[in-house]
Every structure is written in C-alpha cells, then in structure tokens.
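Participant: Here the protein sequences line up with chains P and F, keeping their order. Under our numbering, the very last position in the first sequence is 502; numbers go up by exactly one each time. Under our numbering, the very last position in the second sequence is 502; numbers go up by exactly one each time.
Each statement offered as a hint is correct.
Since copy identity is lost for identical chains, a pair holds within one copy or between any two.
Derived DSSO-like pairs: lysine-lysine, alpha-carbon spacing no greater than 27 Å straight-line:
no., residue 1, residue 2
1, Lys400, Lys435
2, Lys444, Lys147
3, Lys400, Lys159
4, Lys159, Lys397
5, Lys397, Lys427
6, Lys118, Lys354
7, Lys28, Lys40
8, Lys444, Lys216
9, Lys235, Lys118
10, Lys444, Lys159
None of these hints come from the bench; they were simulated from the model.
Number of protein chains: 2
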Amino acid sequence: MSGLMLNEDNSHFFGSREADKMTIEGLKELLSHYASAQMKEILFCPNAMRVNVKPDNPYWQPIWAGYDSDGPDSQLLFKGSETDNAVNRPRRWVHNAWLLNQKGIDPYEIWISYAREKNISPWISMRMNDVHGAHNPDSFMHSDFWKRHPEYRRVPYRKMIRWPDAALDYGQREVREYSLALIREYLERYDIDGLELDWMRFGYHFRPGAEEQGRKLLTGFMQQVKDFAENISAKRGRKIKIGVRVPSRPQAARDLGMDAVEWSRRGLVDLIVITPFWATIETDMPVELWRELIDDNNIILAGGLELLVRPFPDAKHDYNTPETARGAAVSLLYRGVDRIYLFNYMDSETTMPKGYQEVLDQAGELDSACSYPRRHVITYADTHPPGQPAAYALPAKCDKDRLAEFRIHIGPKPTSGTSQAILGLGKDGNTDTEKLNVWVNGNKCELAQTPDIPTHPIVHKSAAFAIPDSVLNNGYNLIEVLGENGEPYEILWSEIRIDPQR
Amino acid sequence: MSGLMLNEDNSHFFGSREADKMTIEGLKELLSHYASAQMKEILFCPNAMRVNVKPDNPYWQPIWAGYDSDGPDSQLLFKGSETDNAVNRPRRWVHNAWLLNQKGIDPYEIWISYAREKNISPWISMRMNDVHGAHNPDSFMHSDFWKRHPEYRRVPYRKMIRWPDAALDYGQREVREYSLALIREYLERYDIDGLELDWMRFGYHFRPGAEEQGRKLLTGFMQQVKDFAENISAKRGRKIKIGVRVPSRPQAARDLGMDAVEWSRRGLVDLIVITPFWATIETDMPVELWRELIDDNNIILAGGLELLVRPFPDAKHDYNTPETARGAAVSLLYRGVDRIYLFNYMDSETTMPKGYQEVLDQAGELDSACSYPRRHVITYADTHPPGQPAAYALPAKCDKDRLAEFRIHIGPKPTSGTSQAILGLGKDGNTDTEKLNVWVNGNKCELAQTPDIPTHPIVHKSAAFAIPDSVLNNGYNLIEVLGENGEPYEILWSEIRIDPQR
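Here chain P stands alone, though its shape is the one from the complex (with noise of 0.2 Å):
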C-alpha cells in the first residue's frame, strides 16, 4: 500500500503561530489537521543551523540563543533580518520555541506520542547541511560552529557566489563529528520510528570538485549512524529505521557525493527519498532507474513533491495546485514509489490558495488521485554537481519547419473523460494559435476552447488542444508541434490535462 509522508519543517509551526498556541492542544492541533486516511509518516524537522529546542549536547545552540524575550525587535539577534522584511516571522519564530522551552514542553515529544495515537509513524528529519541567510553574517539561525569557523566551509578560497557556497564542507572530520553530535541525540532523546537525514538542504557538502572523495567519506558517515542506530534499536528492542533525501537523478546523487544506491547496497538505509531542491516541482524523476539500482524491496523508496511549479529556472514561481500535484502523484506512484512525500506542503493557512486538503485526501494512492482532474505539466530538475549542464524543455520555439517537442509522462492512461494538451506562448512569439499544429504520439489534435484552469503567470496566451480518445499511452506520451506559416512561436508552458469525469 502506498501512501503519504509530510515533513514538517523547523520553522513553520513556530513563525505561523500566535503565542497562545504553543500549548499540547496546540500542537495537537496542527498534527490533527496532517492526519489524513493515507497519511502514513510523519518527519519532523528540529533544525537548520540552530535546533528548536535545548540541544542536550555542549555544541549544538537553541534557536532561541542570544534572544531577549523582553527586548526589542531591533536586538542584536535580528540584526539583518529586517532586510528580509520579515522580522515579526523570525522573532515570533525564537519567541515561540523559547515559550515551549520555558513551559516545559517539548513539542517533538508532544508530536511524537500523538502522532502513534493518530496511527501515524513519527520520525525525526534532520537538516544537514541548512545554509538559509548565509548572505547575512549575523542571522538568528546561524551556529556558533558555522559563524567561528569560515575554514569548515566549502568554497574558502573566493566569494560567496550562492548560498551553498557558505555550507559546511563534510570533507572535514570536524564537521563530520559535529554533525553526529545531533545525530545522536536524535537518536538517544526521542522515541521515534526512524531519523530521516536530510541531505537536500541544501545539497551540497564538499568543496567544489572533490566530490568523488566525499562520496566515499560520506558513505562511512552513513555507516556511522547505521551503527550508532542499531545500538539504539538494540537497546529498545525494535528497529529504528534511517532515512535519506537526495538528489532526483542517481548520477546526480552520486556526483555530488550522496550514493544512497550504495548506501542500499550496504544496507545502511531503509528510507530514499528522490526530489528536486526548492525551485520547481520536478515531474519526471527516474524512479524505474533507482529501482532497478536499490533492488531492495524492503527499502520504501519516497518520491518528493516540492510547493513550488516552475517551468525553466528563469521563469518566476507559482504554487502547485491539487491538480498539478495529483499529476505528479499519479506519475510517480505509477513508476513504482511507495510514498508520496511532501515538502513544503504545511498546512492550509501557509501553502496552497486553495485545495490543500484535497492533496492530503487523494495524492497517496492511485486509485484515489486518478479519480479527479490532474495536469501533467513540464518542469525540470534543479540539483546538478557543480559544472554538470543541466537540461531543460522550455522555453521552446517552434516555426513551419522546427519542430517543438515535449515528452510527458502520465501515469496510466485515462479510461474516462476527456484530455487536452496545453500551451502556453510568450508575448514574444506568434501568438496565432489557429495555425499550431499539434500531434500526440502521431496523433493530430483539434484546437478546443482556452483552458478554463489558468497555466502559469508568465504564460501571454495559451491554447488546448484536445487529444482523441485512445491515443494516450501508460508513461510517456509525446507531444509534437509545427507552426504553419509566418514567425516563429515561443513555448513557455506544457502540459497535458486529465479530467476523467467529463
């Protein structure tokens, strides 16, 4: 049976919340809200450079380190974060931790025991290597260990060109060491069914260009903590399992030095979750490559979706919809994942406009989220080791004689309903949607009416064309188009549409 996976991130129960929440019926109250029929797990995250409660070991600092809770907004501590426009978020965020702190509570324990009252799997998610504000020197969320050591960092030797570049270097014992000190506490302090380590944020963790020496390093870090977990399971009598987020593409795992297809191998995983970083959805991972690398059964392979849809890196964002999230759910669960795990995706108030709850009733199992419209649409992936070209769909253009091409895949077929392929053009182009001529799979498609769902904001016009029954395929189908005359046309969005009950 598949199903979902939620992480809950470090900050967004703290920033979003008022005061008078940070109680158990309040912490309660956003796990009630995750708890769905498919939900299965859920990761809670405790950290990016600081942990949101008092680390029991001497190197790790709280969140709330430095604060006073009686001064103003402009102390020290939020010295930058006004930049951000954001200071009430970061402040309400060290507030509310150093609130639970003082009351006693811990909320990862709280979320934990209710999480097994509510027959969910509780685990713990570590972030690894979190480099968010690394622009700003003096951000509330940095560490001691990260602000006094600059030399632990991966790019030492010029600018900082993005923030990645400010990220511990885990070719350092030091950080290595550093890191296992919270690893173990994890592991020690909460009763948890697994610790996921989340090597996605940020992704990158050796200087730039020895990573094939990290990889090596980085999967006798992993036996580390397979060791230090086994103990832990011993002791308690039942297994804690470990879990991994890393890179969508195994190449790309592995060149940037996260091999979880050796770390299956050695099995020193039972969690792989593939995704994309932050920028975009990504809505064709390989997921018959990576099981066809693990050949594992017993590891629960994870597809990530990420909030965020966009259809080449320059374009700006938008959020996904129920619609484009059951696309890439039916997608991937048709590949072969055992779970659809989301990212970003924190309840109704913070993510999606609107529909949020129907992502938590029907993305976890086929069945269920073929049973509604869902929108395949073409994005891209946003992790590569440095100086590995990345490759993208869009924009396209396409004239009398160049053709525009897009492969998308869908899951199963429809059996009901009806489909359209959609493009979206630029202002840039012809916009002349009379003389596109649109195949699928060899297929001649009809120009319908415009799509009543809208594409995506830089989109200037955009067509449906509809796709006669039985032309769809399981997987992939391809889309092809030719314009028929005059200038050329220039494609910012595909997709292809679904909507099996009418």
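Here the structure of chain P is known, so what remains is to put chain F in place on it, guided by the hints.
Facilitator: Only chain F this time, still in chain P's reference frame:
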C-alpha cells in the same frame, strides 16, 4: 586486458579506393593498416539500406541494383546525388562493389579470414535503420522496401524535419521480419566471431511517443536474434556473439526502446557499445552507471569514439586529434570500459588530418594512452528520446558575480609533467584574459602562455591557466571561472590538457 575495436563502415573502402584496389591484395592492404598490437576486433559493416554484396535473400538489394556500369554519371541511379557535390564518390562505391561481385570476390569473406590471420577477431556490424540521404527520394542508397512502403516509416503523419523521421518503424512486424532476413543471412553466410546490431544508425526506431511499446517489441526481437545465433553456434560448435551499439546513457537507451540493460540481464548480448550518434565525440559517458546496471562481467562494455568534436550543437564541427581521442579513451578506460571502439576512424587518408597511427597504437590501453599528451575536452550527448531536453555546458557566460563551471573527467590524475585548464573565448564577449580568475578544485590557477595547440575554430581567443601540482583528482575535476569586472565573458570551449613529459 583492454584494447581497440574498429568499425569499417559500408561506404569507406568502396568509395575511397580506385578500381585497381578491388583485389584480394587491395582488401588485405586496408586491414593490414588497422592491425595494430592493440586492435582486438574489427567490425565490418556491409549495409545501410542496401548491401555491398549480392544478398542471398530475396528482400534486400545490392548497392548496385539498377546500376549501368557502362552508363554515364547522369544515369537515373545517381539522380539527386549530384546535389551532394559528390557524384564521383557514390559511383565509385557502387562500381567497386559491383566490380568485386563481377570478379566473384566477397570482400567480407576475405576480410574475415585475413583478420583471423592477423589475430584480430572478425565481426559483422549491421546497420539496423540507416537513413542517409532520406531527403532525396531517388538516392541510389535506398531500398525497395523503404521506397515502396512509406507506411512503414516512423513519421508518416507529417512532413520530414530530420532524416530519422523517415526511418523504419520497428513497431511494425513487417519491418522486424525484413530486418531479420538479413540478420539470418549474415549469421549463416559468414564465419564470424560475432554479429553487431548497430542500433545507432540512426538511433530512432519507433513512432514518436511509442517508444515504450517499442522497447518491449525490441527485447522480443533481440530474443529472436539470440535464438537464431544459438542455433548457428550449435551447428558450428562455437559461440557466435551478439553485440549492440546503443545510446550513451542508460535512460536514453531505455527510453528510445534500446534496453541494453534488460538485454544483458536476459543474456541476449555479449557486447554493449555505448556511443554518441555522430555530431561529436562524447567525453563524459556514465560508464559506472552502466556497469552497475549490467552487473555481468562476461559482457564486453565498449566506449564508442566518434570522429567529430563539437562543444555544443550550433558549433561547426572539427576533427579529433590524437590528443583529444587519447583524452576520451583514457577517461573511458579508467572508468571501466573493456574496449575503445572507433567509429568513423577509417584509415589515415580519410579521417584525422594527422596522427592517426598514434590512435591505433595507443588509444586502447590506459598505460600507453597516458604516456602521451592528452586533452580532456567538454562536449555533449547528441542522442535523446523525442521531446527529452538535452544539456550543454557550453557556451557559458561569466562575469564578476556569475560563475562559469566545468566538470571534466580526466581518468587517472597525472604523476608527472604539466597540466593546464584551457578556456576558449568568443568574440562577442570580454576577451581580457588577464582579468579572468580561474580555480581548479578550489585552487587558483595563474594565466600561462597561450596554448600552442589550437582549441577549436569557433574560438576567438584562448587562454591557458597552469594547474598547480597535486591539484588534479582522479576522475572528475572542476574548473571555476569568474571575471573581475567589465562586460561578461562568453566561453565557447573548455578543456584540461595534460602533458606527462614536460
């Protein structure tokens, strides 16, 4: 022990020789030239759509079908070929093949037995779906089957954009049967060690969008071939091997219907050649991933070199030199291929401008190839499923805030001599090489003299940066580039040069 394989294609010998070489001596002369100490197998290709000998089966035609040996160059058979400005070469090809047949000489019989004398293993390589000249319906190269049955082609529903649109559709039983007739003939007729099915001429075998159904059909087809080869093997009392040429990436191969991994698991193939199509040599094929997926040490895994070199598709082609071919070979051998497979590297008069013999003498073994200067250049993969986007590292831009990054696999790191990072700049950007900051694996590299070997014809100005000793890694290495100020740089070329001797 590693070594070389070489493909002698279907037109080279016949099109490049005078009629007086159409003798047993002339045939042996060609082969003698290839017989270096490192040459393990030669694969002789007798066909594209037509065959260079008179087929024993009634379905295929000889290349001289319709040829009037006494007629003028303007005879019907060569109509359209004059537009290629190459009517002499086509006629020479046709005439020479005809002439050998007139003399009762089967060139493949001669080559096969002479190869054995030279201690080289003889194979036949069959092009499975060649569409050279598909734009010209009258070309002398086309078969009756292809001309009479447009309904058997991949793309009957719209105009041809690229030659492979006109390739045969192996989704149709008639096409598979037609193809099997020649496979059976080769296996019965020639005393070969193996038969290679060259699925990379041209690499597209199914109706666009029907690749997944095609994949299953092609695996069934490969089973038929294997069964037939086993019958022949039993009769001859020795195993006749089956080889395949397939796209360079496992996912691309699978998604185009050429599921070499599955074929290997079913025991249907003894040789897998991973290769680009033609546009460029491919210098970063994922050999490790293939090895993990194939998981059978009895299968020969060969890395295919093509003759041309391009940094990106819009760049004009250049030819590989012994230095660039050695670079590609060293990387592939280090990554674990059993053979370097030479395609379009046919004799010194017709391929590389100079140094061809060096390739035959050195490119098949790591030690010999590493003893001479080698260049590891950035190129790209040229074969992808329809609608699957491709990735290109070049061209790239950089300035003071924008990083250009190049990931280059060099095989084993050098133990002596000098190494350089080379950048080739375009004329449309900044060309002040003094203001370029270059790091290799995080180590600053100082501007050295201008390279003494050119980079590529599209490069306006090139610069060499000295890589300090002990900085290079085995395997992948990372070049990072930032400008200091001024307008952005346009980088069109990037490589690492290693000279072990100075």
